[in-house]
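Number of protein chains: 2
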Amino acid sequence: MSNTIHKRLNALRKFMEEKGLHAFIIPSTDSHLSEYPASHWASREWISGFTGSAGTVVVTREKAGLWTDSRYFLQAASTGIDLFKDGLPQTPAIDEWLASELGEGEYVGIDGNVYAAKEAFSLTHKLNIKGLHLISDYDPFDTVWHDRPEIPKNPFFVLPEKYTGEPAHKKIARICDNIEKNGAESLLVASLDTIAWIFNIRGNDVKCNPVTVSYAYISRKETVLFIDPKKLSEETTSYLKAERVTIAEYSKVYDYVSKIKTSVCLDSSKITFSLYNTIPTENRIVDIPSPADLMKSIKNEAEIQGFNNAMERDGVALVRFFMWLEKAVPEGGVTEIMIPEKLVEYRSQQDNFVGESFDTISGYGPNGAIVHYHVSPESSVEIKPEGFLLVDSGAQYFDGTTDITRTVAVGPLTEQMKKDYTMVLKGHISLATAIYPQGTRGSQLDILARKSMWDNGINYLHGTGHGIGHFLNVHEGPQSIRMNENPTTLQIGMVTSNEPGLYRAGKYGIRTENLILTQHETTTEFGDFYSFKTLTLCPIDTTPIVKEMLTKEEIIWFNEYHKFVYDRLSPLLTEEEKGWLKEKTDEI
Amino acid sequence: MSNTIHKRLNALRKFMEEKGLHAFIIPSTDSHLSEYPASHWASREWISGFTGSAGTVVVTREKAGLWTDSRYFLQAASTGIDLFKDGLPQTPAIDEWLASELGEGEYVGIDGNVYAAKEAFSLTHKLNIKGLHLISDYDPFDTVWHDRPEIPKNPFFVLPEKYTGEPAHKKIARICDNIEKNGAESLLVASLDTIAWIFNIRGNDVKCNPVTVSYAYISRKETVLFIDPKKLSEETTSYLKAERVTIAEYSKVYDYVSKIKTSVCLDSSKITFSLYNTIPTENRIVDIPSPADLMKSIKNEAEIQGFNNAMERDGVALVRFFMWLEKAVPEGGVTEIMIPEKLVEYRSQQDNFVGESFDTISGYGPNGAIVHYHVSPESSVEIKPEGFLLVDSGAQYFDGTTDITRTVAVGPLTEQMKKDYTMVLKGHISLATAIYPQGTRGSQLDILARKSMWDNGINYLHGTGHGIGHFLNVHEGPQSIRMNENPTTLQIGMVTSNEPGLYRAGKYGIRTENLILTQHETTTEFGDFYSFKTLTLCPIDTTPIVKEMLTKEEIIWFNEYHKFVYDRLSPLLTEEEKGWLKEKTDEI
Numbered sequence: 017m018s019n020t021i022h023k024r025l026n027a028l029r030k031f032m033e034e035k036g037l038h039a040f041i042i043p044s045t046d047s048h049l050s051e052y053p054a055s056h057w058a059s060r061e062w063i064s065g066f067t068g069s070a071g072t073v074v075v076t077r078e079k080a081g082l083w084t085d086s087r088y089f090l091q092a093a094s095t096g097i098d099l100f101k102d103g104l105p106q107t108p109a110i111d112e113w114l115a116s117e118l119g120e121g122e123y124v125g126i127d128g129n130v131y132a133a134k135e136a137f138s139l140t141h142k143l144n145i146k147g148l149h150l151i152s153d154y155d156p157f158d159t160v161w162h163d164r165p166e167i168p169k170n171p172f173f174v175l176p177e178k179y180t181g182e183p184a185h186k187k188i189a190r191i192c193d194n195i196e197k198n199g200a201e202s203l204l205v206a207s208l209d210t211i212a213w214i215f216n217i218r219g220n221d222v223k224c225n226p227v228t229v230s231y232a233y234i235s236r237k238e239t240v241l242f243i244d245p246k247k248l249s250e251e252t253t254s255y256l257k258a259e260r261v262t263i264a265e266y267s268k269v270y271d272y273v274s275k276i277k278t279s280v281c282l283d284s285s286k287i288t289f290s291l292y293n294t295i296p297t298e299n300r301i302v303d304i305p306s307p308a309d310l311m312k313s314i315k316n317e318a319e320i321q322g323f324n325n326a327m328e329r330d331g332v333a334l335v336r337f338f339m340w341l342e343k344a345v346p347e348g349g350v351t352e353i354m355i356p357e358k359l360v361e362y363r364s365q366q367d368n369f370v371g372e373s374f375d376t377i378s379g380y381g382p383n384g385a386i387v388h389y390h391v392s393p394e395s396s397v398e399i400k401p402e403g404f405l406l407v408d409s410g411a412q413y414f415d416g417t418t419d420i421t422r423t424v425a426v427g428p429l430t431e432q433m434k435k436d437y438t439m440v441l442k443g444h445i446s447l448a449t450a451i452y453p454q455g456t457r458g459s460q461l462d463i464l465a466r467k468s469m470w471d472n473g474i475n476y477l478h479g480t481g482h483g484i485g486h487f488l489n490v491h492e493g494p495q496s497i498r499m500n501e502n503p504t505t506l507q508i509g510m511v512t513s514n515e516p517g518l519y520r521a522g523k524y525g526i527r528t529e530n531l532i533l534t535q536h537e538t539t540t541e542f543g544d545f546y547s548f549k550t551l552t553l554c555p556i557d558t559t560p561i562v563k564e565m566l567t568k569e570e571i572i573w574f575n576e577y578h579k580f581v582y583d584r585l586s587p588l589l590t591e592e593e594k595g596w597l598k599e600k601t602d603e604i
Numbered sequence: 017m018s019n020t021i022h023k024r025l026n027a028l029r030k031f032m033e034e035k036g037l038h039a040f041i042i043p044s045t046d047s048h049l050s051e052y053p054a055s056h057w058a059s060r061e062w063i064s065g066f067t068g069s070a071g072t073v074v075v076t077r078e079k080a081g082l083w084t085d086s087r088y089f090l091q092a093a094s095t096g097i098d099l100f101k102d103g104l105p106q107t108p109a110i111d112e113w114l115a116s117e118l119g120e121g122e123y124v125g126i127d128g129n130v131y132a133a134k135e136a137f138s139l140t141h142k143l144n145i146k147g148l149h150l151i152s153d154y155d156p157f158d159t160v161w162h163d164r165p166e167i168p169k170n171p172f173f174v175l176p177e178k179y180t181g182e183p184a185h186k187k188i189a190r191i192c193d194n195i196e197k198n199g200a201e202s203l204l205v206a207s208l209d210t211i212a213w214i215f216n217i218r219g220n221d222v223k224c225n226p227v228t229v230s231y232a233y234i235s236r237k238e239t240v241l242f243i244d245p246k247k248l249s250e251e252t253t254s255y256l257k258a259e260r261v262t263i264a265e266y267s268k269v270y271d272y273v274s275k276i277k278t279s280v281c282l283d284s285s286k287i288t289f290s291l292y293n294t295i296p297t298e299n300r301i302v303d304i305p306s307p308a309d310l311m312k313s314i315k316n317e318a319e320i321q322g323f324n325n326a327m328e329r330d331g332v333a334l335v336r337f338f339m340w341l342e343k344a345v346p347e348g349g350v351t352e353i354m355i356p357e358k359l360v361e362y363r364s365q366q367d368n369f370v371g372e373s374f375d376t377i378s379g380y381g382p383n384g385a386i387v388h389y390h391v392s393p394e395s396s397v398e399i400k401p402e403g404f405l406l407v408d409s410g411a412q413y414f415d416g417t418t419d420i421t422r423t424v425a426v427g428p429l430t431e432q433m434k435k436d437y438t439m440v441l442k443g444h445i446s447l448a449t450a451i452y453p454q455g456t457r458g459s460q461l462d463i464l465a466r467k468s469m470w471d472n473g474i475n476y477l478h479g480t481g482h483g484i485g486h487f488l489n490v491h492e493g494p495q496s497i498r499m500n501e502n503p504t505t506l507q508i509g510m511v512t513s514n515e516p517g518l519y520r521a522g523k524y525g526i527r528t529e530n531l532i533l534t535q536h537e538t539t540t541e542f543g544d545f546y547s548f549k550t551l552t553l554c555p556i557d558t559t560p561i562v563k564e565m566l567t568k569e570e571i572i573w574f575n576e577y578h579k580f581v582y583d584r585l586s587p588l589l590t591e592e593e594k595g596w597l598k599e600k601t602d603e604i
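Just so you know, the sequences run in chain order A and B.
To convert a position in the first sequence, counted from 1, into the numbering used here, add 16.
To convert a position in the second sequence, counted from 1, into the numbering used here, add 16.
Treat the hints as calculated values from the structure; they're not laboratory data.
A few of these clues could be false.
As the list makes no split between identical chains, a pair holds if one copy fits it or if it spans any two.
[Claimed, not checked] As a list, the in silico DSSO-like pairs of lysine-lysine whose alpha-carbon atoms are at most 30 Å apart:
#1 K197 x K101
#2 K79 x K197
#3 K549 x K435
#4 K146 x K275
#5 K187 x K146
#6 K146 x K257
#7 K563 x K435
#8 K237 x K146
#9 K237 x K142
#10 K134 x K197
#11 K79 x K142
All chains should be modelled from the sequences, with the hints used to inform the complete structure.
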């Protein structure tokens with residue numbers, strides 16, 4: 017453990033002692049339950065040095081533990097804090113560990129301002145039956161983190177209707193219809209991407225996520241956006257007014273909520289414990305997955321057109337990037353850390369480019385097996401002309417968000433590598449070509465992406481697909497395609513990723529990812545059936561494919577996909593690039 | 017609607033009026049929440065004439081409605097009571113319908129003695145928010161059903177350890193370990209099959225289900241079996257004593273439970289509302305899926321051996337049955353109703369045969385499309401030498417329970433029939449050959465059985481697999497393989513059915529069902545992987561197969577399965593039978 021971390025932990029322990037707390041739990045999120053919080057809320061990273069997007073630190077008077085999932089096992093092991101591997105049967109839950117570490121009647125602290133209400137309810141219950149008490153009143157980091165960044169106050173902007181397809185006041189009216197059907201009169205929203213979608217605004221308060229820090233209260237009578245006045249311009253103020261939105265100060269949300277008289281719809285997993293507890297106890301609370309989140313996930317025609325346009329531009333940038341890579345690697349000197357830079361260089365030449373949609377994962381060889389590897393100057397290795405390079409990257413454009421993974425052979429491969437690559441490809445194709453009845457959940461389809469691997473005693477421990485925002489967060493709900501159950505059904509207009517992978521620790525990692533749109537396929541006497549349309553436009557490396565492992569149908573899909581990529585991208589390329597792409601998309 | 021039903025409904029309405037009730041809900045179950053209740057509890061059938069295994073009747077002062085699932089849509093439509101199709105999006109839930117039919121503040125009755133506590137809690141809540149009240153105090157059928165059968169008082173018997181593999185006191189000790197891990201000191205059981213399994217006793221109170229009506233209370237200090245004294249013999253009394261079981265009168269369970277001082281483990285979906293409410297309010301209740309049910313589902317070696325032995329005898333009977341069928345149909349005069357009789361005839365010639373495990377479904381032509389078709393003298397049609405006959409049947413043997421469906425071509429088929437049959441077979445094989453990591457739920461595998469159909473816009477609306485008891489109920493939990501989520505993972509030793517089907521209403525039905533055992537397959541760097549072993553021994557009709565639709569791997573599985581059937585059954589057959597089976601199991 018580094019000296020800095022040691023000092024920070026001690027400062028926290030001193031704070032805990034002053035407040036009579038025997039443990040403190042620091043989640044990775046913020047007052048908006050974001051996956052990626054602004055730096056003001058990066059207290060979990062500050063206290064532990066662990067930069068992964070998911071993970072919880074628990075500090076007791078003597079010990080410190082970090083719970084995180086398989087994506088981050090390798091990274092987390094190097095923090096010096098005890099690693100608890102989430103998802104493995106032998107790993108104790110945080111409450112179980114606390115019960116074994118603390119004495120009867122001792123106190124566990126959380127900051128109720130950065131803890132989901134639902135999780136806090138559950139934690140309270142779990143600790144209580146173990147004889148422990150939960151205290152949620154303190155934010156120790158306001159005290160111990162001296163140079164803590166302030167809550168972002170960057171201006172936001174209005175996304176034009178040509179991209180959003182629906183004005184804010186219409187979305188608000190649809191939300192009101194929806195919550196009324198659920199027996200509520202108002203909707204309380206803390207999720208920044210949901211707010212951005214509802215109001216058709218975008219910001220840059222959080223790296224890679226074009227959101228603006230705010231809260232929203234929506235009802236037929238009044239819709240309020242709680243936002244720092246510094247963020248407002250004359251233009252945005254008059255825009256909000258025209259959309260019939262009342263503007264209030266960000267910090268006034270507590271005051272306002274404490275006085276509401278409506279029955280409130282909210283999602284207790286997306287509202288903090290503190291905000292939830294601010295609602296007057298006499299108000300009826302309808303605690304359901306946010307109807308606005310489901311609405312957001314179902315993309316309208318303008319959004320889908322935007323995705324298609326963004327994919328073309330992203331595809332052109334990717335062609336240029338992979339052409340460069342192919343030439344540069346054999347010449348020597350290409351390192352992992354150059355990959356994100358080159359990708360931004362090519363993407364930034366495209367219209368409508370805003371920035372990355374997440375930190376590029378560029379893992380060469382063994383680093384490819386670290387599922388959410390974040391290359392640093394220290395870790396960056398040279399990409400030699402052998403084995404696999406895995407590149408998972410994405411961009412924000414005004415008209416869409418991209419997220420794509422390609423694994424490319426940068427030189428000779430072993431037979432095992434080729435077999436593994438082909439298994440991943442088979443899984444990818446199997447999901448891409450799925451046909452499924454209306455009402456199907458992602459967890460029912462997940463096995464399609466894994467079966468080729470399961471048949472060989474192989475599995476990957478991450479999800480197969482996540483929802484993706486329209487010029488918004490690269491990860492969004494409510495749908496997913498994964499082993500875990502998720503009651504959300506796949507609905508027409510949803511955009512989800514298709515990203516099976518295979519990771520041999522210490523050797524290499526393989527992942528092939530496209531974005532897929534749920535569309536209507538057919539209506540028969542047995543009902544409505546849906547299918548996926550692949551949106552991503554980029555060749556999939558053919559050199560590692562063991563063709564004998566593919567079925568006739570898989571080969572047809574593959575060749576058709578490559579033809580589709582060529583037909584869409586070639587008009588946008590130079591002759592040289594076109595020639596390169598022709599070769600890369602030739603029939604196998 | 018028949019006159020009898022009309023009179024019965026009026027008698028109930030009179031009772032309702034006297035008690036101030038505006039509606040009464042009559043579920044299909046009993047005081048033990050059985051799927052198949054003894055005739056004493058068949059009040060739903062008595063009031064409606066509807067004989068399906070699942071369905072709920074709701075009677076208001078003016079109307080009567082029957083809610084049932086797709087298996088029974090055709091049958092239910094003929095009752096004269098309004099049919100509400102469960103599972104279709106446009107069908108109102110019972111509480112919604114009641115809210116639309118009744119006025120604010122009106123009263124809905126249920127008999128708390130035949131209503132699962134969990135459902136009653138949920139119903140109370142749903143009715144309350146609609147301004148209706150639930151009254152659970154009355155059993156109207158004690159008054160209005162004059163010739164109501166009494167609660168069965170048949171003797172039970174002890175199943176020897178050579179079949180059960182574990183004495184009752186050891187099971188009880190394991191249950192106590194298990195409930196203690198869940199923070200409880202006692203287990204309250206009303207499920208008749210669970211009681212039969214725990215105490216190694218079997219009875220014949222319920223048709224097809226070898227159970228005996230009773231309750232059980234299990235704790236380290238005392239284990240009590242609540243049972244009618246008329247059911248006891250000297251032998252069973254001394255057996256229970258030797259297993260350290262206290263015997264109490266069946267009806268004393270309420271008295272006893274009202275005085276318990278332990279923290280109680282129970283499954284509120286398997287305990288009636290009345291019994292649940294008998295538990296003193298100061299007792300802690302651990303409401304979880306019954307640990308005993310999970311233990312019961314994981315078969316031990318003796319039970320698995322028993323299944324294997326029972327399958328051989330069942331297989332021999334089935335060979336003789338299908339030989340007879342093949343000869344008899346072209347001769348004419350074979351009707352659907354003869355099928356169950358013939359099956360019992362052949363099965364009863366086998367050792368250890370006890371009876372049918374459920375009412376045989378023998379559906380010819382359009383009747384095959386009625387998923388849970390129960391042939392009656394009125395419905396029975398002649399089986400002509402053309403098209404499909406679907407036969408779903410099973411037997412109880414002292415050493416195991418069987419459940420098998422075969423669809424056979426009794427004459428020429430259309431191309432569509434052959435294609436449909438082959439799709440079902442593909443689904444069956446895909447599930448039978450699945451390999452899956454430890455921790456996989458049935459809902460993740462379900463698509464394997466459906467994919468060949470979904471790809472063609474076809475689906476079936478029943479589950480793909482249910483658990484099956486060891487000389488116990490043909491349907492048991494907690495595992496299942498179906499579209500709906502079920503958190504239970506498939507564990508080594510579980511026996512489940514594999515029964516995809518395809519139904520063309522008004523034309524024909526196809527289903528191919530074997531029982532499959534979860535077994536360990538392999539351990540790799542990615543963990544433990546499981547697979548299925550097919551237990552059922554009976555040829556699958558080859559004549560409808562479109563071989564070109566099968567993959568090489570599917571053909572290999574099919575031929576290997578047929579070789580396995582022949583190798584296991586042929587030593588038990590006559591030369592003539594052997595010759596017939598050889599031909600039926602020849603390689604395709």
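The hints, checked one at a time:
1. Proximity of K197 to K101 under the C-alpha cut-off of 30 Å is restricted to the inter-copy arrangement: shortest distance 22 Å between copies versus 41 Å within a copy.
2. Only between protomers do K79 and K197 lie at most 30 Å apart by alpha-carbon distance; the minimum there is 27 Å, versus 49 Å within a single protomer.
3. In this assembly of identical chains, the alpha carbons of K549 and K435 lie at most 30 Å apart whether taken from the same copy (26 Å) or from different copies (27 Å).
4. Taking identical chains as interchangeable, the C-alpha atoms of K146 and K275 lie at most 30 Å apart only when they sit on different chains, with a minimum of 27 Å there against 35 Å within one chain.
5. For the identical chains of this complex, K187 and K146 are inter-copy neighbours only, at 29 Å across copies versus 45 Å inside a copy, given an alpha-carbon limit of 30 Å.
6. In the homo-oligomer, the alpha carbons of K146 and K257 never lie at most 30 Å apart, since the shortest distance is 51 Å inside one protomer and 38 Å across protomers.
7. Taking the closest pair of Cα atoms, K563 and K435 come within 30 Å of each other both inside a single copy (10 Å) and across two copies (29 Å).
8. In this assembly of identical chains, the alpha carbons of K237 and K146 lie at most 30 Å apart only when taken from different copies (25 Å versus 45 Å within one copy).
9. Taking the shortest Cα distances, K237 and K142 sit within 30 Å of each other only across copies (28 Å), while inside one copy they are farther apart (39 Å).
10. For the homomeric pair K134 and K197, the shortest alpha-carbon distances inside one copy (23 Å) and between copies (25 Å) are both at most 30 Å.
11. When the C-alpha separation of K79 and K142 is checked against a cutoff of 30 Å, the pair qualifies only within one copy, where the shortest distance is 21 Å, while the shortest distance between copies is 47 Å.
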